[in-house]
Amino acid sequence: MKLLQNSGVPIYQQIADQFKTQILEGKFQQGEYLPSIRGLAKDLKISVITTMKAYELLAEEGLVTAVQGKGFYVNAQNSEMLQEQYMRKVEEALNQAIQVAGIAGLSDRELCEMLSTLLEMKDTEG
Amino acid sequence: MEGFVTEDAIRIVGLEKRFKGFALEIPELSIPKGFTTALIGENGAGKTTLLNILAGVRLDYKGDVTFFGKYSGREEDPYVRNHVGFLGGDNYYMPHWTVEQVRSLNASLFEGFSAEKFDAYCRALDIGGAGGGRKPVRSLSSGNKVKLMLAGVLARDTNLLLLDEPASPLDPLMREALCNMIREYIDAGAGERTVLLSSHNVSDMENVTDYALIMEKGRIVEQGFVTDLKEKYILIKGDPEGADAARKVLMTMSSSSYGYEGLCRAEDLDRLAGLNVETEVPSLTAICVGIMQQYSSLKALQDIARM
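Protein sequence lines correspond, in order, to chains A and B. When the letters of the first sequence are read in order and numbered with the numbering used here, they come out as residues 1 to 126. When the letters of the second sequence are read in order and numbered with the numbering used here, they come out as residues 1 to 307.
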């Protein structure tokens, strides 16, 4: 796990984001416990309250469940839920692109071409 | 943080200790169990007095102190004596004692003291160097004295550590090691172990502090989990034109001809509307400095320099 001290993104947010990605990628199984808050704090050399806040963020999003005295385990159906969240984000971003294209006077075809070009560029960059 | 319940490692009610020209007054205070709490304040704010009272070094106070939810600080309860470790002051161990004597005294005073662990810490922390266990305490540097006290408390089976300015005499490398030792101690306790430390170098301990107590002139003027304090206060930076308007809103502010910077309560942020400002999440150091400046008598320093 990489944590950046001066990125402007709070440390707890960085931790939550990285666990979120790992959960989505299936690196944690359903029912599996995340590392203990105090153990993680020790390993990452940060305060306990920071890891706790990160886990609470994940719990708020429904990704994990807190069990008093035991820790936080990964919920079922997360990946579907997360997938849906990401889909919504993609839709949002595309809608925004359509809106801006309208302002710029781009035709629908030109917009589609631009998207294809960008996708091709990304693929060739690997 | 909102939404989760913490138990108290220490509970203080109606604490009062008066000296000539100084009074420590804490109507109510809880130190959360399972976390590291930092007692932060200027020199003379009362940090050492409070820690001495909690450690049982001082008994001439009014009020009640409860440990682990059931033991009173007044009664010499063996459970409290064995499970609370204290590191404080230069003269905690007598100057003529040798490292070996410190070990055997700890062993006879406290149940659960592990001589093997103590020796391992002494070796790892390089206390005494080549002289080994026969070196008297007075010949140790102040940094090595702190290390020796650390070895003494960490070799015991405690649930609460009270550390008075542990970082001050240590070099940067050892401060980092101290933070790691605290995290390891807390982790090994699985929620049952608590650390209360005092420090005037907040930045050294920022990455280990969960709960902050800010003390001024014998009173706790602000407290909370660090994550909550970082939402309660906002660091504001702005252009010189807005300085006068911002001064009315910000708690504290420093300005120059290039701009200003100051701490603002989150609820007051609306009142800065219209000014061109950047907001930032403050570090614990920035929060402490901002709050301490409100009370500090150092305010006039700048004016003297201009005289």
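Hints may contain errors.
Calculated cross-link-like contacts (lysine-lysine; reagent style DSS-like; alpha-carbon spacing at most 25 Å) [as the list claims (entries may be wrong)]: (1) A/Lys89 <-> A/Lys45; (2) A/Lys70 <-> B/Lys232; (3) A/Lys45 <-> B/Lys33; (4) B/Lys70 <-> B/Lys17; (5) A/Lys70 <-> A/Lys89; (6) A/Lys27 <-> A/Lys70; (7) B/Lys248 <-> A/Lys45; (8) A/Lys70 <-> A/Lys122; (9) B/Lys237 <-> B/Lys217.
None of these hints come from the bench; they were simulated from the model.
Hint check:
Restraint check for A/Lys89 and A/Lys45: the C-alpha separation of about 33 Å exceeds 25 Å, so the hint is violated. Between the alpha carbons of A/Lys70 and B/Lys232 the distance comes to roughly 30 Å, so the proposed pair goes past 25 Å and is violated. Of the supplied pair hints, the one linking A/Lys45 and B/Lys33 holds, its CA atoms being roughly 20 Å apart against a limit of 25 Å. Annotation: proposed proximity of B/Lys70 to B/Lys17 holds, straight-line Cα distance about 23 Å (limit 25 Å).
The suggested pairing of A/Lys70 with A/Lys89 is violated, with an alpha-carbon distance near 33 Å, which exceeds 25 Å. Taking the CA atoms of A/Lys27 and A/Lys70, the gap is about 20 Å. The hint holds against a cut of 25 Å. Taking the CA atoms of B/Lys248 and A/Lys45, the gap is near 39 Å; set against the 25 Å cutoff, the hint is violated. Annotation: proposed proximity of A/Lys70 to A/Lys122 is violated, straight-line Cα distance about 44 Å (limit 25 Å).
This hinted pair does not check out: B/Lys237 and B/Lys217 have alpha carbons roughly 29 Å apart, beyond 25 Å.
Hint violations for this structure: numbers 1, 2, 5, 7, 8, 9, all remaining hints satisfied.
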